[in-house]
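Asks: Those sequence lines, one after another, are chains A and B. If you're matching positions, the first sequence starts at 61 in the working numbering and goes up one per residue. If you're matching positions, the second sequence starts at 61 in the working numbering and goes up one per residue.
Everything labelled a hint here was simulated from the structure, so no lab data went into it. Where is the CB? At the ideal position from N, CA and C, for every residue including glycine. Worth double-checking, as some hints may not be accurate.
Restraint ranges, calculated between C-beta atoms of paired labels, are given here [said to hold, decoys possible]:
{"no.": "1", "chain 1": "A", "residue 1": "Pro153", "chain 2": "B", "residue 2": "Arg314", "range": "40 to 48 Å"}
{"no.": "2", "chain 1": "A", "residue 1": "Pro153", "chain 2": "B", "residue 2": "Leu277", "range": "55 to 63 Å"}
{"no.": "3", "chain 1": "B", "residue 1": "Gln188", "chain 2": "A", "residue 2": "His202", "range": "17 to 25 Å"}
2 protein chains.
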Amino acid sequence: MSSEKNKAPLGVFDSGVGGLTVAREIAREMPCEEMVYLGDTARLPYGSKSPDTVRRFALEDADFLMSRGVKAIVVACNTATAFALPILQREMPVPVIGVLDAGVEAALQSTRNGRLGLIGTVGTVASQAYQKELKRRSPNIHVVARATPLLVPLIEEGWLDHPATKLVLKEYLESFLEQDVDTLLLACTHYPLLKPVISSILGEGVSLVDSSTTCALHLRRIMEEKNMVATRVARGKMDIYLTDQTENFESLARCIVPGEIRKISAAALVSRAF
Amino acid sequence: MSSEKNKAPLGVFDSGVGGLTVAREIAREMPCEEMVYLGDTARLPYGSKSPDTVRRFALEDADFLMSRGVKAIVVACNTATAFALPILQREMPVPVIGVLDAGVEAALQSTRNGRLGLIGTVGTVASQAYQKELKRRSPNIHVVARATPLLVPLIEEGWLDHPATKLVLKEYLESFLEQDVDTLLLACTHYPLLKPVISSILGEGVSLVDSSTTCALHLRRIMEEKNMVATRVARGKMDIYLTDQTENFESLARCIVPGEIRKISAAALVSRAF
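I would like the entire structure built from these sequences, with the hints used as guidance.
Replies: Take a look at the structure:
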């Protein structure tokens, strides 16, 4: 692999800005890498949409990153990973890494009683992608999954500790307490922001696992294996592209990755026929 | 105006299927009309997105309806009305009617003390479109507006009477009670589904006004003035197009307009450059 190749940026995409939590972990693990981040804010959310539509959006997102010359693509969106990872890996000429493997690995390492809880969008849970991969790697695992579609809107309203958020979470999390899970996998990039209130409901006996940290480690391992790590000395920067630019998205982005952004620009995606 | 023209369908669009509440009222007022309904379910919601993006989406939606040969276009989405009605009226070669005028008229007829409340999406409220039109028609009116972004997700979760929905509404509606409004304008096509719980919080002294009924009357008046009403005897039917087809959207559509749907099909929109 030529060093020219290594200088190319890493590409990361998500339906919105939540995937920047994954990009932030990548920047911590591999600080010399340049990054191009695409948030498809004009069409978010992906979590309530059909598999075909999510696959088409994911391909268009990946096409955009390829047009920016990326050397690898990280799918920092659980719904897109669940529905589109295989087709992206087939169609893209660079390595494509999703958040699923990392989350599954972290959850299996965490559980002691073999009883796992999983929360995510309607699409992620209905796809069964997490449930199947957990069972494949650990056939005796017991998985309790629940779609929790109100959490992203509550987070975006900023109600991280509001009584209504607690009431919603109590209803969503009730079955996990009844089923005696000891680990809850947060299968959506937004959910880590609710860790304190989720912990207060589930108690200290339940570990909360999310995939952003393990995804970054997974990516670094793959980049090292393929000899694709950037070797410059200077710290890398991040170019953020959004399909819809609002003040809200931009300020949230600056809040998640302060000091690492070179610029935030508008992105025009090229449609794929469907 | 030739009778050929009159046989053309009416076009209605919304970001999703909520606008079918408006289409249903139009079918009641003008039962002989054929209708083409477009729900941009692949890109919903519009309420949190920027004015430029909402305008582009609205133009693409209207282009699609024009390609189906409609004789008039109803914008059954408050956010699209608030941001895009003037540009649609300039660019489309047929009459374009929004939900704003109808809602404003109904609210001004309802209030006795001149103190109005308004709830809608972030986009609708921030656009000031309703507030400006209310003030223009009735300069002494006092308007209290609040964006209520959690209501659509709660409705879509089916929690119409859930304790969490009541808690969210109590917080959202508090200021209307303090400010002594006697009429609340529901400036989003989804909100009429929450009328019972909103009434239970605000009490009988506050009238709830929505724009679907008055919008249909407004449309009929314009169609009559322009001599564009369909004169066939048979009852008209509705062709529904969705940019993303999920079971959830289709069953919700059948629930809102039972017995009036000819078919539900996928729609591919043509992108406008931005």
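Asks: Each of the hints needs a verdict: does it hold here or not?
Replies: Quick rundown of the hints versus the structure:
1. At about 44 Å, the beta-carbon gap between A:Pro153 and B:Arg314 stays in the expected band of 40 to 48 Å.
2. For the pair A:Pro153 and B:Leu277, the beta carbons lie near 58 Å from each other, so the given range of 55 to 63 Å is met.
3. Evaluation of the 17 to 25 Å hint for B:Gln188 and A:His202 yields a failure: the beta carbon distance comes to about 53 Å.
In summary, the structure is inconsistent with hint 3 from the numbered list given earlier, while agreeing with all the others.
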